[in-house]
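Enquirer: In order, the protein sequence lines correspond to chains A and B.
With our numbering applied, the first sequence corresponds to residues 1 to 115, in that order.
With our numbering applied, the second sequence corresponds to residues 1 to 111, in that order.
Wrong hints could be hidden among the right ones.
[Said to hold, decoys possible] For lysine-lysine, the following BS3-like pairs were computed, each having C-alpha atoms within a straight-line distance of at most 27 Å:
#, chain 1, residue 1, chain 2, residue 2
1, A, K64, B, K67
2, A, K20, B, K56
3, A, K55, B, K56
4, B, K98, B, K56
5, B, K56, B, K106
6, A, K66, A, K20
[Stated by the list, open to error] Computed footprint of chain B on chain A, listed as stretches where at least three residues anywhere in the stretch have a Cβ under 8 Å from a Cβ of chain B:
#, segment
7, 38-44
8, 107-115
[Said to hold, decoys possible] Chain B is faced by these chain A residues, among others (derived, beta-carbon under 10 Å):
#, residue
9, F34
10, V62
11, D65
12, E87
13, S90
14, I93
15, C94
16, G101
Think of the hints as simulated: they come from the structure by calculation, not from any bench.
Predicted model, so just to flag it, every value in this text is computed and none were measured.
Even glycine gets a Cβ: it sits at the ideal position worked out from N, Cα and C.
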Amino acid sequence: GAVVSQHPSRVICKSGTSVKIECRSLDFQATTMFWYRQFPKKSLMLMATSNEGSKATYEQGVEKDKFLINHASLTLSTLTVTSAHPEDSSFYICSARDREGEKLFFGSGTQLSVL
Amino acid sequence: QKEVEQNSGPLSVPEGAIASLNCTYSDRGSQSFFWYRQYSGKSPELIMSIYSNGDKEDGRFTAQLNKASQYVSLLIRDSQPSDSATYLCAVKLGGSEKLVFGKGTKLTVNP
Numbered sequence: 001g002a003v004v005s006q007h008p009s010r011v012i013c014k015s016g017t018s019v020k021i022e023c024r025s026l027d028f029q030a031t032t033m034f035w036y037r038q039f040p041k042k043s044l045m046l047m048a049t050s051n052e053g054s055k056a057t058y059e060q061g062v063e064k065d066k067f068l069i070n071h072a073s074l075t076l077s078t079l080t081v082t083s084a085h086p087e088d089s090s091f092y093i094c095s096a097r098d099r100e101g102e103k104l105f106f107g108s109g110t111q112l113s114v115l
Numbered sequence: 001q002k003e004v005e006q007n008s009g010p011l012s013v014p015e016g017a018i019a020s021l022n023c024t025y026s027d028r029g030s031q032s033f034f035w036y037r038q039y040s041g042k043s044p045e046l047i048m049s050i051y052s053n054g055d056k057e058d059g060r061f062t063a064q065l066n067k068a069s070q071y072v073s074l075l076i077r078d079s080q081p082s083d084s085a086t087y088l089c090a091v092k093l094g095g096s097e098k099l100v101f102g103k104g105t106k107l108t109v110n111p
């Protein structure tokens, strides 16, 4: 299957700081990547769809000014959590579809803890 | 609101038994269905994909799809303790790139 690399795997930061998470497709080009958030014992919730060369599409209720997404190239998408607060503490996971465009493969996830 | 429903469990089965996981979905236009396995603190791992009505087998795993009844299931034969995880059902919405996930069913296989 396709390989999606995500880092960092864990971040602990103070309230008010910004955190950047990177997601790379290692062996294929991903024109579209997806960012999910998962709270403990809850399912994955799609936050936004990241499109290479254009603005991200955000799901209802997700603040685009707080969660900045940049899809700089066909293999890299970044999510920046700006002015993080404790309620932003969650497991953030990126994903991308393989070449055939059907199956979704996930990065290893980033556990964000905001103190 | 397009929904994917799963029994949250926990589902406990003895080692060697068949584990049966079920999922229903609301979007009749959906054509692609997936089962993911997620260990605690880890990201989901794709196990099976199914697109046509009927059964699809891959090793100890069998996915079943019934579009008329809008349900998809996953059977795990000869369950092993290492199969203990949360299993997520995911549905690709019709006419969309979005994948909607169920809340997951926690499976425990007892040695």
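Enquirer: State for each hint whether it applies.
Expert: Status of the hints after comparison with the structure:
1. Among the hinted pairs, K64/A with K67/B is inconsistent with the structure: their alpha-carbon atoms are about 36 Å apart, more than 27 Å.
2. The suggested pairing of K20/A with K56/B is violated, with an alpha-carbon distance near 40 Å, which exceeds 27 Å.
3. At roughly 38 Å between alpha-carbon atoms, K55/A and K56/B are farther apart than 27 Å, so this suggested pair is violated.
4. Of the supplied pair hints, the one linking K98/B and K56/B holds, its CA atoms being roughly 23 Å apart against a limit of 27 Å.
5. Taking the CA atoms of K56/B and K106/B, the gap is about 22 Å. The hint holds against a cut of 27 Å.
6. Between K66/A and K20/A the alpha-carbon distance is near 12 Å, which keeps this suggested pair within the 27 Å criterion.
7. Only residues whose C-beta sits within less than 8 Å of a C-beta in chain B count toward coverage, and the segment 38-44 of chain A has 3 of them, enough to reach three; the restraint holds.
8. Only residues whose C-beta sits within less than 8 Å of a C-beta in chain B count toward coverage, and the segment 107-115 of chain A has 4 of them, enough to reach three; the restraint holds.
9. Residue-level restraint check for F34/A holds (minimum Cβ-Cβ distance to chain B is 7 Å; threshold 10 Å).
10. For V62/A, the shortest C-beta to C-beta distance to chain B is roughly 13 Å, which exceeds 10 Å, and the interface hint is violated.
11. Among the interface hints, the one on D65/A is violated; its C-beta lies about 22 Å from the nearest C-beta in chain B, farther than the 10 Å criterion.
12. With a least beta-carbon distance of about 20 Å to chain B, the hint placing E87/A at the interface is violated under the 10 Å criterion.
13. The interface hint given for S90/A is broken, as the beta carbon of that residue sits about 13 Å from the closest beta carbon of chain B, more than 10 Å.
14. Annotation: interface hint on I93/A holds; nearest CB of chain B at approximately 5 Å, less than 10 Å.
15. Hint status for C94/A: holds, given a least beta-carbon distance of 9 Å to chain B, under 10 Å.
16. For G101/A, the interface hint holds, the least distance from its beta-carbon to any beta-carbon of chain B being 9 Å, beneath 10 Å.
In summary, the structure is inconsistent with hints 1, 2, 3, 10, 11, 12 and 13 from the numbered list given earlier, while agreeing with the others.
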